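Novice: The hints should help you fit chain D onto chain E, whose structure is shown.
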Amino acid sequence: MRDTDQMLIACQGGDREAFSGLYRIASPQLFGLALRILRRRDWAEEALQECFVTVWRRAGDYKPDLGPAMPWITVILRNKCLDRLRREKPLQPLDESAAAERPDEGPSPLEGAMANAEAKRLKGCVDELEGTQKTSIMLAYYEGLTHEQLAARMAAPLGTVKSWIRRGLQRLKKCLEP
Amino acid sequence: MTGSELDDLDGLAGEYVLGTLAGADRVQFEAQLRLDVAAARAVAAWAMRLQPMADAVAPAIPPASLWQKIVGEVGLPQKPSRRGWIALAAAAAVLAAVLFVGDLMRQPDVIGIAELAPQGGATAFTVSVLEDREKLLIRAGAVDQLQSQSYELWAVPPSGTPVSFGLINASGETETDVPQDKRALLETGVTLAVSLEPQGGSTTGAPTGPVLFVGALSAPQ
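Those protein sequences? They're chains E and D, same order as listed.
If you read the first sequence in the numbering used here, its first letter stands for residue 1, the second for the next number, and so on.
If you read the second sequence in the numbering used here, its first letter stands for residue 1, the second for the next number, and so on.
The set of hints was computed from the structure by calculation and includes no laboratory data.
Every value quoted in this text rests on a predicted model; they were computed, and no experiment measured them.
We put the beta carbon where it would ideally sit given N, CA and C, even for glycine.
Among the hints, erroneous ones may be present.
Restraint-style ranges between C-beta atoms, simulated for each label pair [claimed, not checked]:
{"hint": "1", "chain 1": "E", "residue 1": "Gly60", "chain 2": "D", "residue 2": "Thr203", "range": "50 to 60 Å"}
{"hint": "2", "chain 1": "E", "residue 1": "Gly60", "chain 2": "D", "residue 2": "Val163", "range": "42 to 52 Å"}
{"hint": "3", "chain 1": "E", "residue 1": "Asp83", "chain 2": "D", "residue 2": "Thr203", "range": "51 to 61 Å"}
{"hint": "4", "chain 1": "E", "residue 1": "Glu88", "chain 2": "D", "residue 2": "Gly160", "range": "48 to 58 Å"}
{"hint": "5", "chain 1": "E", "residue 1": "Arg41", "chain 2": "D", "residue 2": "Arg34", "range": "27 to 37 Å"}
Here chain E stands alone, though its shape is the one from the complex (with noise of 0.2 Å):
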């Protein structure tokens, strides 16, 4: 059985098996991922839907030497669910009233996360950021937040939220550093 790199190698030759393939492996995955960021179904399936056309049509962009297909195609579907939340909120700061109606789920999903090794690490590593570092790329990565939302919802600053998620980038990709 071939793995999803293959899978998605394949699919660069137009092997419909491997598309399919690629799906029945991929989607659930992909498709818990978009549930959290959109939080309805039907846009989540819309999304999913989006993720595998473009996979399928663009599969020739994916270039296995820089890395594994997961997270290709992980990149593909979070993307569009981010135009999804634009198109329905573009970029303004969210209302307060709105910020309220999400219920508060309690950690993020990463807190949990101690499946794997690499699991492991970016958890200890998130653990190490200074705390408006960790909620602000938190809350970018599980809602999806503009940086204007991001201000909003943390009551600071544009450019102090900006510098938050670029330091606290650096700062997981340098702790991350073998």
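Specialist: What follows is chain D alone, placed relative to chain E:
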């Protein structure tokens, strides 16, 4: 590229993957990505770094119809059944089975699965073979409710003589036990079919009404 240009590129790549690069900046960066290997490399590295965040979310099974929509949109033709045409399929064309990986933590052990549909149509029934062929779980999808008729499930082995697996519900889920002597029929590749019968099912031991939905049984991998 200078050191600080690389830092800028890496910063952009990180924000692109995180999702905070938006609007015109994102469009511009995406254009750069297609032409500039250094940008593509930086994005791939960030995608790998943050992948555990995606993996940490619980998976969820998308609806079976979604795959049909994808296939329709990219224009993939349907494959004919590996077993070819059978007499029983005169009223309905065979549609290739689509595998559907269940979340093992939420479902019993699925050892075989088939999606039964009319040609080009939405899945009408999904049949899962559970636990060493002792049970079938049939989930109704896009299917008409019946008044004074019944849907009956058949397996059609290579010999061509259909064997009944009983009546199935037109909505929700049906779970049925598979009698010992029928378990061997549920092998990978066997054709499953649903026919329209009088209320209570066929009395002849063979389908008496039209075969509406067909699919092939495949093993999860």
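Novice: Could you check the hint for me, namely that E/Asp83 and D/Thr203 are 51 to 61 Å apart, CB to CB?
Specialist: Holds - the Cβ-Cβ distance for E/Asp83 and D/Thr203, about 56 Å, lies within 51 to 61 Å.
Novice: Range hint 50 to 60 Å: satisfied by the CB atoms of E/Gly60 and D/Thr203?
Specialist: With Cβ atoms ~57 Å apart, the hint holds.
Novice: I want to verify a distance hint. Is the separation of the beta carbons of E/Glu88 and D/Gly160 within 48 to 58 Å?
Specialist: holds (54 Å)
Novice: Holds or violated: 27 to 37 Å for the Cβ distance of E/Arg41 and D/Arg34?
Specialist: holds (32 Å)
Novice: Is the hinted range of 42 to 52 Å satisfied by the C-beta distance from E/Gly60 to D/Val163?
Specialist: With Cβ atoms ~47 Å apart, the hint holds.
The earlier numbered hints are all upheld by this structure, with none contradicted.
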